[in-house]
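Model the full structure from these sequences, guided by the hints.
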Amino acid sequence: MRTYVLRRLLGAIPLLFGASLLIFLVFALTPGDFIDGNINLTPQRAAELKALYGLDRPLWARYLGWLSQLLHGDLGFSLQHQIPVSTLLGQYLWSSFLLALVSLLLYWTLSLAVGVLAAVRPYSWFDRVVTLLVFAAMSFPVFFLCLLLIKWFAVDLGWLPVGGMISIGSNATGWDYALDVARHMVLPVLTLVMLQAGGLTRYVRASMLDALAMDCVRTARAKGLPERVVILRHALRNALLPLIALLGFELPGLFAGAIVTEKIFNWPGVGHIHIDTLAARDYPVLMSFTLLLAVLTIVGNLLADVLSALADPRIRLR
Amino acid sequence: MPTHSPFLRRLLAAAVAAGVLAASAQADVIAATNPSAIPAQAKARKDTIVGAISAPQGIFNPYLFSNGWDENVTEVIFGRLVGLDAQGKLRAEQAESWQVSKDGLQYTLKLRKGLKFSDGSPFTADDVAFTLTFLHDPAYDGGTDISLAKIKGGDAYKAGKASSVEGIKVLNPQTIQITVTEPGATTLQLIGGPVLSRAWYGRGYQPGKLDDLRQYSSKPLGAGPYIYDKFVPGQEVRFHANPYYFAGKPAVPNFIYRITSDATKLQLFQTGETDLEGFSINADNIEQLKALGFANLNIYNSSDYSLIEFNHNKPALKDVRVRQALTYALDRKKLVDVVYQGYGSVATLPLSPVSWAYDTKGVNPYNFDPAKAAALLDQAGWKLGSDGIREKGGQKLVVTLLATKSLFNDALIPIAKENFKRVGVELRPEVSDFNALLAKRKAGNFDLATFRTSGLNDPHDGVARFRSTENEVGYKNAQVDKLINAGNGTLDIGKRKAIYHQLYQVLANDAPLILLANRKLLYVNSSRIGNYQPDVFNGIFGSLPKLKIQY
Amino acid sequence: MSVLSLRLPWRRRQAELASLASAGRTPWQQALARLWRNRPAMLALLFLALMVVACVAGPWLLPWDLETTDALAANHAPGATHWLGTDFLGRDILTRLLHAGRISLAVGLVSVVLSVVLGYVLGALAGYAGGWLDGAIMRLADLLMTIPSLPLLIILGALLSELQVAPEQRIYLVMLMLSLLGWTNLARIIRGQVQSLRSRDFMLATEVLGLPLWRRLLVHLLPNTIPTLIVVATTGVAGAILNESYLSYLGLGVVPPTPSWGNMMDTANSFVDFQRRPWLWMPPGLAIFATVIAINVLGDGLRDALDPRLQARGAR
Amino acid sequence: MSQPLIEFDRLSVQFATEQGVARAVQDVSFAIQAGESVAVVGESGCGKSVTALSLMGLLPPAPACRLGGEVRLDAANLLALPPAAWRPLRGRDIAMVFQEPMSALNPVLSVGEQLMEPLLTHRQLSPAAAWQQAIALLQQVGIARPEAIAASYPHQLSGGMLQRVMLAIAISCQPRLLIADEPTTALDVTIQAQILDLLRRLQQASGMALLLITHDLGIVAEMADRVVVMYAGRVVETGSVRDIFRHPQHPYTQGLLASRPVPGRRLARLAAIPGQVPSPLALPDHCAFAERCPHARPACLHRQPVLQATSPTQQAACLLLSTEEAA
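Protein chains in written order, with full-length UniProt numbering: chain A, 1 to 318; chain B, 1 to 551; chain C, 1 to 316; chain D, 1 to 327.
Keep in mind that the hints were calculated from the coordinates and are not lab data. Model, not experiment: these values are computed from the prediction. We put the CB at the ideal spot given by N, CA and C, even for glycine. A hint or two may mislead.
Claimed, not checked - Between beta-carbon pairs, the in silico distance windows are:
no., chain 1, residue 1, chain 2, residue 2, range
1, C, R215, D, Q156, 26 to 34 Å
2, B, S54, A, G65, 32 to 40 Å
3, B, A371, C, A166, 26 to 34 Å
4, B, K495, C, P63, 56 to 64 Å
5, B, I389, C, R215, 48 to 56 Å
6, C, Q164, B, A371, 28 to 36 Å
7, B, D369, A, L52, 48 to 56 Å
Stated by the list, open to error - Reference listing, derived: stretches of chain C covered by chain B, where coverage requires no fewer than 3 residues with Cβ under 8 Å from a Cβ of chain B:
no., segment
8, 65-75
9, 156-164
10, 252-258
11, 261-272
Here's what the structure looks like:
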């Protein structure tokens, strides 16, 4: 096991180099750069600025420059924000992470509970209602859901704030700060949970139906085990195995930011940084952020493989 | 024909109202009907006004920011030497007065007495010299192009051939003299901008190295009405009143710019989280805001205009008759009605209707006229083909249109496609993001491109794009060049007005682009805020120092 | 007893009973016969077929033109003249809805079929073959998962416009490319399942019998992974139809004025439209909803038909 | 005769399927005495496994599956029990061994864990005691290194080994009846003999009754005291092993015996009887075997035969028998 993890980690190094090259090329080939986007510049001034930012250098020189920077632990300097990329991401990454983590915990719990219940009584009214709700949530865009929640809970009922992460002008610290943030988190978390739980519930249900059909579940019942044990210990443990891969995908998602939800709820997350910097072609930020997600993707998949092997004795690590 | 819907009646009424207002420079105000409806949350904020802003990034240096929202923040912190009034005329602010030599090559600015930065340190002509010299730094990468001011010795300093800029001269602590090599109508605005304190920004600054100066972007020091407190990224920017402000300490102790987005700005305003907000203008929004009861609606003309640019390097579009025909063929009235629902107008001049230079007399308005368009195309040799598309020399008249995805273009594209088809021209829309659009445009790989200008402070800003030295799409007209230079070469408004009027007539005949629309802007304030008078050239900043809390 | 109580879903024997009823035909004929007898699945299929017919033929039968704008008829509520109302340019919603269905249904189905096929084949291969092939496929997946899709789409948009590909065809090329990139998640899930299935006795039996690889993958492993594939397909169809409208921001989706269900909903994204003009977004939303439900029911039916052992109809 | 341990009394089972109602078991009646071995024989799909599962309460719930008649344990009708009352009987009073040991065990739990479960549930042993007991049980079923096997997972063991584990689980709570559903069908011939041998030893040691479900008459001859022959959901003949093998009365039983596998060749199944079992979806109102019966008469296509005694220990359901008697 240890050698397997070690080998996979070593294998990740060329993979990362490959990813960095791909990411660099993708951005280098994207039409437009940071200077092109400013319509107020005269052609002369634009040329001056391009030279200042090194945007006129050949591709390979720019790639090697970026790479050597990265190897020195420097993520680069944002053209648009004029601060180091690491500082910039630090400002927004953690609020995205907070939102994503809380939602993740909630929707995995919810999906598991609802998916198992639906699978235990397939085609019952509960299953049918859940199915309809899930598909309805899938069929309408995110912003509809956000607007609806804001209308109900913030405008009509006035229970929760419309958006943002803290109250206006708040200087709260400690517990008060945590409570303030928690109040502001309710609606965006609710949105993300409703969005994400849909697909996951279907996965859990399908996987659980499969597991309940296994002969070993019948054996467990024949042993006279309580139904709860049959479902949770015998069926669910088998049903969880294919879901581990899904859990691996969540790792980069924790840091990627929820673009639409963050925007509508004015959540100071990294999602809008991603979109803004893309619109402005702030490549140092984009490349480093994408590379960070790439690293997380690779780590997430590795974790999923290791977890699978730990949970499923049949998968031997090669 | 169905009977008129209530919506249509509203639309027509609004259009009439807008027509009356069209020439007015001041905002049209729809006053609050029920100030008692002010939300409790807003009422509880006794000493703070909350304005709205979209996406500040935290570069609070008036010469280093890269987005307009940061600029809005710096306006509050820094103020300007020379500002603009509601008509776009120059207005004395931190500079008490200025003189321009007869030949337009020498500018002498006199600062107000006893000016101080917000930390109480003196604000002198030396700080102005520092600021202007800094803008000539070869490493300077900000958005201000000081070379347009043509300050004498600027290029030499930039190239490292001089240790100071020859044309910048401090006469005494209160007076500075700038010598330029070419006269320019916009020069005063360039050199009369926000001033950086040498004591604060110049401490560790060395020419050629901006790193030290950059760190003060998050610790700005200026002489504007409010002092910067704190930036909470993605949330808000906080300020408190500046006791050293030249016009006196503002009455409201605190000001906050809250970050809002289009999707929920109405809900934020409705629940009292914001006091001042800007909305896209349409009948729906106005109706909703009026229904709130506590909102004052300020409606005024924007200074920008939207346009469709021709690629003059394409043979078909080199022919002025084709350009004219396409302009006649497009029903711009319908476009404006659909998008702005009575709160916009078809653009006839590359200028805002509020500008002092606005005069449409004798300028061809290109009213919608498909028959005339068809006749012009016939004259130009483009004959209708069997498939309804015109052709000439085996070439079909098919034009591509570069556009971004926006509500405006969602209306423009269907209307233009339908209109052009009617006169035998096929339109192929190409949608992309704005940066990619500009890249494609630069590569010359297009026929038509549509976008909107940024806010235009001076008539020159609206026509500079037609000058052959600055035009990126192959438009060349010697007479136009001459008139643009003449208009920029004098500061006499009367003379300039005449020059621009002539220029607009020439441009209209040449049809270098299709002018689409002048829109109106909708700024709203809670009726608890008094003295709020937004205008097109200053936005909320113009009245910020005078605001007061009434309820 | 708790809510969790239930008795064994009774599958195996029932399947034997059912298979006895249709003995003497090839497995595929039997599967088709089972599908044919599955009433909900057939209703779903009929619904989809009707939808396709309506989308293809409908716009010709309605008196309204797709592209003609009419500022005076803007934003009318549904009524006798316009059955589903009009949009902000006065265009008939029903006409646009049906016309949009052509593109949205094609986009949804094409992209889902492509990514499901790719994801299944590559995932099953990796999970089943193991060894270096597994390593190669999964590392390729890792690499593809790291490519940022937004800028890639912008590049593709520029490339397609450079190559003068007609806008109406671009969307299919984009779907192709998204599928080429988007199989990775499904492949990882399928791989995990196949790794577990591989050691079950029926798979060992196929190995002992020396069945060709494709037969093992298609006939023996496929039915066992169908539930996952259905989930991916249903979520995928809805996602593809909705995301198509975001693609048009990058010049890759349908170019206006051509309608799609996604961009019809997208134009109604203001709070005012949401609250006061439901006819703008309800029809396309419900169309997507109905399509997804139909595909789900059809998928369930297909699963039951292909592998009656997994029938899960308990209390149907 | 004393009170039987188990009594099937006019049991019928119907499944609701998409294609209609499948009558899987009809009017089945027979009894099992304490310590007795009863074999249920028939082709696949004849209802023998459904009969066994009805005893375990493992058939699907009501709308999908309808039960008629009674199944009694110690004279108490099991079918009338609520699920909660039925559960404690499973594994403790009645245990079951399934056909495919590979899939019958949970792949993600170790053998030991699965063996401990019934001990913890029914006998309320402490985990440590349950572990000790599990090791002892593995020894009892002839597993050499019980500690190692208990720690291993099902996929690491052979089929024969797993079936031993299954048997260990089944006898863990000393049930009064063990149901073995084709316990050796999935195993190699050599292993089959070992498992059957083990099964017999265990039965003798504990005195439990055995309900053996099989299509293999060789196994029946070796293991059973009494035989129940089922065809198309009905009991067509029942009697002692001697009766059935010496003088089978029903034409179907005769056919079964004629098609007995030649030693060394498995799966020869029922080549000697032409035709196929009718679909449970479309069972005739007359004798279900009539179409395949070499001796069928016109009357066989009109009437449903009932079981009748042909000797004190043997019963058969065939119209041929009754007409002969009448004549």
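A quick look at each hint next to the structure:
Checked against the hint of 26 to 34 Å, the C-beta distance between R215/C and Q156/D comes to roughly 28 Å, which is consistent with it. At roughly 33 Å, the beta carbons of S54/B and G65/A sit within the given window of 32 to 40 Å. The supplied range of 26 to 34 Å is met by A371/B and A166/C, whose beta-carbon atoms lie about 31 Å from each other. Distance hint for K495/B and P63/C: a CB-CB separation of about 60 Å, consistent with the stated range 56 to 64 Å.
Look at I389/B against R215/C: about 55 Å separates their beta carbons, and that is inside 48 to 56 Å. Between Q164/C and A371/B the CB atoms are about 32 Å apart, so this pair conforms to the stated range of 28 to 36 Å. With their beta carbons about 49 Å apart, D369/B and L52/A fall inside the hinted range of 48 to 56 Å. Under the rule that three or more residues need a Cβ within less than 8 Å of chain B, the assignment of the segment 65-75 of chain C holds, with 8 such residues.
A stretch counts as covered by a chain when three or more of its residues have a beta carbon under 8 Å from one of that chain; for the segment 156-164 of chain C and chain B the count is 4, and the coverage holds. Chain B is given as covering the segment 252-258 of chain C, and this holds because 4 residues of the stretch bring a CB closer than 8 Å to a CB of that chain, at least three being needed. For the segment 261-272 of chain C, the stated coverage by chain B holds: 5 residues have a C-beta nearer than 8 Å to a C-beta of that chain, and at least 3 were required.
Of the numbered hints stated above, none is contradicted by the structure.
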